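Produce the entire structure from the sequences given, and follow the hints as far as they go.
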Amino acid sequence: MCEKNTKEEIMYGEREIASGNLICFPNPNIGRDYEISIDFPEFTCKCPFSGYPDFATLRIVYQPNKKVIELKAIKLYLNSFRDMKISHEEVSNKVIDDFVEVSDPKWMQLEADFNPRGNVHTIIRVCHGKRNDLDLII
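As numbered in our numbering, residues 2 to 139 make up the sequence shown, in order.
What the hints contain is simulated information worked out from the structure, not anything from laboratory work. Quick caveat, the model's predicted, so the values are computed rather than measured. All C-beta atoms in this analysis are idealised placements derived from N, C-alpha and C, irrespective of residue type, glycine included. Any given hint could be a false lead.
As a list, the in silico DSSO-like pairs of lysine-lysine whose alpha-carbon atoms are at most 30 Å apart [as the list claims (entries may be wrong)]:
| # | residue 1 | residue 2 |
| --- | --- | --- |
| 1 | Lys47 | Lys67 |
| 2 | Lys76 | Lys107 |
| 3 | Lys73 | Lys131 |
| 4 | Lys76 | Lys131 |
| 5 | Lys68 | Lys131 |
| 6 | Lys67 | Lys107 |
| 7 | Lys67 | Lys95 |
Here are the simulated distance ranges between beta carbons [said to hold, decoys possible]:
| # | residue 1 | residue 2 | range |
| --- | --- | --- | --- |
| 8 | Tyr13 | Gly119 | 21 to 27 Å |
| 9 | Asp134 | Pro49 | 36 to 42 Å |
| 10 | Pro117 | Ser20 | 17 to 23 Å |
| 11 | Pro117 | Asn30 | 19 to 25 Å |
| 12 | Asp136 | Asp84 | 17 to 23 Å |
| 13 | Asn22 | Thr58 | 33 to 39 Å |
Written as structure tokens, this is what we have:
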């Protein structure tokens with residue numbers, strides 16, 4: 002018969018998430034306005050009232066100023082919310098506030114598209130700064 006280890010091990014991914022910080026690197030083309038778009042389709046946190054998990058797709062679009070946020074740092078930071086009891090509105094505002102604090106973008110928008118629960122679908126949009134017009138044709 003196998004003995005079960007009573008001491009729960011912390012896995013390497015959990016250690017990385019716990020020690021992760023938002024970090025930036027210098028904008029490689031500070032003289033040009035451009036946008037960075039990031040989708041995070043597996044965001045999770047917990048409802049602060051029921052404790053049930055909330056699932057969302059986060060869409061972040063920003064025009065960097067002097068710094069760009071490193072992608073692995075974003076992944077670790079966003080994964081740190083998975084066991085946190087926090088409302089849709091609070092987490093959306095906290096994420097954009099933290100991103101703005103670390104990177105000081107020209108403009109940033111976050112859309113948190115939460116999966117329906119109890120027949121209610123919630124989308125939170127938060128914006129910072131003024132968007133510069135880009136003549137993008139895609």
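Against the structure, the hints:
1. Lys47 x Lys67: violated, 34 Å
2. Lys76 x Lys107: holds, 22 Å
3. Lys73 x Lys131: holds, 26 Å
4. Lys76 x Lys131: Holds, at about 25 Å.
5. Lys68 x Lys131: holds, 17 Å
6. Lys67 x Lys107: holds, 9 Å
7. Lys67 x Lys95: Cα-Cα ~22 Å, so holds.
8. Tyr13 x Gly119: 21 to 27 Å: violated, 36 Å
9. Asp134 x Pro49: 36 to 42 Å: holds, 39 Å
10. Pro117 x Ser20: 17 to 23 Å: Check failed, 34 Å falls outside 17 to 23 Å.
11. Pro117 x Asn30: 19 to 25 Å: Since the Cβ atoms of Pro117 and Asn30 sit about 40 Å apart, the hinted range of 19 to 25 Å is violated.
12. Asp136 x Asp84: 17 to 23 Å: The hint (17 to 23 Å, Cβ to Cβ) is violated, given that Asp136 and Asp84 are roughly 44 Å apart.
13. Asn22 x Thr58: 33 to 39 Å: Hint violated: Cβ distance 24 Å, outside 33 to 39 Å.
Figure legend: structure checked against the earlier numbered hints; hints not met, in rising order: 1, 8, 10, 11, 12, 13.
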